[in-house]
Amino acid sequence: MTKKRLVMFRAAVRLSVSGVRSLTRSRPQYAAPLAARCYSHGKQETDEEFDARWVSYFSKPDIDAWELRKGMNTLIGYDLVPEPKILEAALRACRRLNDLGSAIRILEAVKDKAGPHKEIYPYLIQELRPTLNELGISTPEELGIDKA
Amino acid sequence: MLNQRARAVKYGRRANNSFIVFRCADVDVLDCSVPQYNNRLDTPLPDVPFVRNLGADQKKLKEKEKGAWTSLSKEEKLALYRLSFELTYPEMKRGSGEWKTVLGGIFFFLGFTGLLVWWQRFSVFGDVPHTLSPEWVEQQTQRMLDMRVNPVHGFSTKWDYEKKQWK
Numbered sequence: 001m002t003k004k005r006l007v008m009f010r011a012a013v014r015l016s017v018s019g020v021r022s023l024t025r026s027r028p029q030y031a032a033p034l035a036a037r038c039y040s041h042g043k044q045e046t047d048e049e050f051d052a053r054w055v056s057y058f059s060k061p062d063i064d065a066w067e068l069r070k071g072m073n074t075l076i077g078y079d080l081v082p083e084p085k086i087l088e089a090a091l092r093a094c095r096r097l098n099d100l101g102s103a104i105r106i107l108e109a110v111k112d113k114a115g116p117h118k119e120i121y122p123y124l125i126q127e128l129r130p131t132l133n134e135l136g137i138s139t140p141e142e143l144g145i146d147k148a
Numbered sequence: 001m002l003n004q005r006a007r008a009v010k011y012g013r014r015a016n017n018s019f020i021v022f023r024c025a026d027v028d029v030l031d032c033s034v035p036q037y038n039n040r041l042d043t044p045l046p047d048v049p050f051v052r053n054l055g056a057d058q059k060k061l062k063e064k065e066k067g068a069w070t071s072l073s074k075e076e077k078l079a080l081y082r083l084s085f086e087l088t089y090p091e092m093k094r095g096s097g098e099w100k101t102v103l104g105g106i107f108f109f110l111g112f113t114g115l116l117v118w119w120q121r122f123s124v125f126g127d128v129p130h131t132l133s134p135e136w137v138e139q140q141t142q143r144m145l146d147m148r149v150n151p152v153h154g155f156s157t158k159w160d161y162e163k164k165q166w167k
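Protein chains in written order, with our numbering: chain A, 1 to 148; chain B, 1 to 167.
Among the hints, a few may not be true.
[Said to hold, decoys possible] Here are the simulated DSS-like pairs of lysine-lysine, each with C-alpha atoms no more than 27 Å apart in a straight line:
(1) A:LYS70 to B:LYS64
(2) B:LYS158 to A:LYS60
(3) A:LYS70 to B:LYS100
(4) A:LYS85 to B:LYS74
(5) B:LYS100 to A:LYS147
(6) B:LYS60 to A:LYS85
(7) A:LYS70 to A:LYS43
(8) A:LYS147 to B:LYS164
(9) B:LYS60 to B:LYS74
(10) A:LYS118 to B:LYS163
(11) B:LYS93 to A:LYS118
(12) B:LYS62 to A:LYS147
[What the hints assert, rightly or not] Calculated Cβ distances over 10 Å to all of chain B for the following chain A residues:
(13) ARG53
(14) SER59
(15) LYS60
(16) ASP64
(17) ASN98
(18) SER138
(19) ILE145
[As the list claims (entries may be wrong)] Which residues of chain A face chain B? A partial, calculated answer using Cβ under 8 Å:
(20) PRO61
(21) ILE63
(22) ILE106
(23) THR139
(24) ALA148
Please keep in mind that the hints were generated in silico from the structure rather than gathered at the bench. Model, not experiment: these values are computed from the prediction. Note that the Cβ used here is the ideal one computed from N, Cα and C, for glycine as well.
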């Protein structure tokens, strides 16, 4: 039942009840106010700010290939699976750069990022399906490269 | 120069892919001063595409890529992917069968060592000392019992002195 709920809900919902990590965030299960946390000084970014920042990064109209690569490699380095809206912006950036290979690679990479949580990737594809159809991006499964 | 080009044709695959090399003393040396291609799970988009020197067909495909991707066939999309990347993620994660070789080697050498030990036993070692012969051990045991060795909790407590037998 938890799996169904994961697929249905938007990723911002915390799933601390079931003890499963939230869909696209690995955060402490207790949402303590920032003042109580023992981090270094300064405000901590919220999920929404993080997403908005990355969406605007990839949405730059004249993004160049280096920036796309740097952005993707950095994003994959974080301990999270990116939100569908960030991925959508990245795929559209690939389209602007006429790079289909990178678009497919991005899909492979987020599937790998989800790790043992096998329900995340189908959810992402479900959310990205309109964009994939519009831009004509095939998923790795459709191309048959999802198996070694 | 002509020499180099001839060699590039010989190592055809290496000339096409992104192992950017230069020739030094008849050996292909990786040029580490320029970005190289790499297959890494944590770096989905490497610095350079896998195939840098495109043939005529590949160039045509790249031109087609600038148009709508909906007009590309599955094979063309796959070809474009393979131009940019050498290995897919599942291919990168695929294990090798090396463990079978390692385990087989271990068992083989263990078996060989066992053979050596067995050969040693009957070809190298001499007879055991006479003090381990049954007669000697019998007399020795009788002497230990007569001496009442470890009479509280040990050896002599296991002998029944009345019935003259082991308990």
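Satisfaction of hint between A:LYS43 and A:LYS70, Cα-Cα up to 27 Å: holds, 25 Å
Status of A:ASN98, Cβ more than 10 Å from any chain B Cβ: violated, 5 Å
10 Å Cβ clearance of A:LYS60 from chain B: A:LYS60 is indeed farther than 10 Å from all Cβ atoms of chain B, at 16 Å.
Given hint B:LYS100 paired with A:LYS70 - CA-CA distance at most 27 Å: Violated - the C-alpha atoms of B:LYS100 and A:LYS70 are around 39 Å apart, more than 27 Å.
Separation of A:SER138 from chain B, once the least beta-carbon distance is taken, above 10 Å: violated, 5 Å
Hint status (Cβ of A:THR139 to nearest Cβ of chain B, threshold 8 Å): violated, 10 Å
Restraint check, 8 Å cut-off on beta carbons, for A:ALA148 near chain B: At about 4 Å, which falls below the 8 Å cut-off, the nearest Cβ of chain B leaves the hint on A:ALA148 intact, so it holds.
Exclusion check [A:ILE145 not at the chain B interface, CB over 10 Å]: violated, 4 Å
Hinted contact A:ILE106 with chain B - closest CB pair below 8 Å: holds, 6 Å
B:LYS100 paired with A:LYS147 [C-alpha distance capped at 27 Å]: holds, 22 Å
Holds or violated: A:LYS118 to B:LYS163, with C-alpha atoms at most 27 Å apart: Distance ~76 Å between A:LYS118 and B:LYS163 Cα, so the pair is violated.
Given hint A:LYS118 paired with B:LYS93 - CA-CA distance at most 27 Å: With Cα atoms ~16 Å apart, B:LYS93 and A:LYS118 stay inside 27 Å; holds.
Consistency with the previously given hints fails for numbers 2, 3, 6, 8, 10, 17, 18, 19, 20, 21 and 23, ordered from lowest to highest.
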